[in-house]
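K.L.:
Sequence:
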Amino acid sequence: MEPLNEHILIALTDHIAFAAENMKNGIVIRNKLLREIEVLYAEEFQIAQWAVEHLTKTLDVPFTYDQAGYIAIHIHSSRRNQLNNHRSIREVTIISDVIRLIEAELEVDLHTQEMSLSYTRLANHLRLLLQRYKNQQYAVLDEDILKMVKKKYIASYEMTKKIRVLLLKQYQMSITSEEMGYLAIHIERLRSAVCD
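In my numbering, the protein residues as written are 25 to 220.
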């Protein structure tokens, strides 16, 4: 694991103190991005789970599973040498929004045990798509393959158009047609898994 930015000590200490105070007062803040954090930042999440168990024992405060997600974000941001969590939270939020759109379109809950592998693949693909976008290193897809995807996976490609609109309107991100092609292939894989 990469070394952590020293600023994590301050940010994490503040977070833990605030969370402990909330827990003592019966205030539990649910982490709506927990599933995405658990999948996208698996290594950080494992460390955070250990931290939650340790904090619960040490402080005699019942830290929740949700807190592991928040702590994992702090760890992930620190590994990327970020002074705050905004980029990591934005990344997870975008992925969560796209997955929710896909779930609504396919009328499926991707958070079930049966769909966990498909969900993990999709979430990781979206994470890589965001990294490529950030680094301006866009996916390359042969023109003939892209035409085949558009023709063969019509419904899945149409869904990528909705995703493109969502990304543009809410996050000012414009994805390429090649990225849409790759995403359509992933969505088609999901559609097949749902139909089986």
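Accuracy of the hints is not assured; some may be wrong.
[Unchecked claim] With a straight-line cut-off of 27 Å between C-alpha atoms, the simulated DSS-like cross-links for lysine-lysine are: (1) Lys-171 / Lys-158; (2) Lys-193 / Lys-171; (3) Lys-175 / Lys-185; (4) Lys-193 / Lys-56; (5) Lys-48 / Lys-81; (6) Lys-158 / Lys-56; (7) Lys-171 / Lys-185; (8) Lys-193 / Lys-158; (9) Lys-56 / Lys-185; (10) Lys-175 / Lys-186; (11) Lys-174 / Lys-158.
Just so you know, these hints were derived from the structure itself, not from any lab.
K.L.:
Each hint needs a verdict: does it hold in this structure or not?
P.N.:
Checked hints:
1. For the suggested pair Lys-171 and Lys-158, the alpha carbons sit about 26 Å apart, so the restraint of at most 27 Å is met.
2. Our distance criterion of 27 Å between C-alpha atoms is met by Lys-193 and Lys-171, whose separation comes to about 26 Å.
3. Restraint check: the Cα-Cα separation between Lys-175 and Lys-185 comes to about 14 Å, which is no more than 27 Å; the hinted pair holds.
4. The straight-line distance between the Cα atoms of Lys-193 and Lys-56 is roughly 21 Å, inside the 27 Å bound, and the hint therefore holds.
5. About 14 Å separates the Cα atoms of Lys-48 and Lys-81, which keeps this hinted pair within 27 Å; it holds.
6. A C-alpha spacing of about 24 Å is found between Lys-158 and Lys-56, which places the hinted pair at or below 27 Å, so the restraint holds.
7. A distance of roughly 15 Å separates the Cα atoms of Lys-171 and Lys-185; the hinted pair therefore holds under the 27 Å criterion.
8. Between Lys-193 and Lys-158 the alpha-carbon distance is near 17 Å, which keeps this suggested pair within the 27 Å criterion.
9. In summary, the hint linking Lys-56 to Lys-185 is supported, as the alpha carbons are separated by about 25 Å, within the 27 Å threshold.
10. Taken as a hint, the Lys-175 and Lys-186 pair is honoured in the structure, with Cα atoms around 17 Å apart against an allowance of 27 Å.
11. Annotation: proposed proximity of Lys-174 to Lys-158 holds, straight-line Cα distance about 25 Å (limit 27 Å).
The structure agrees with every numbered hint stated previously.
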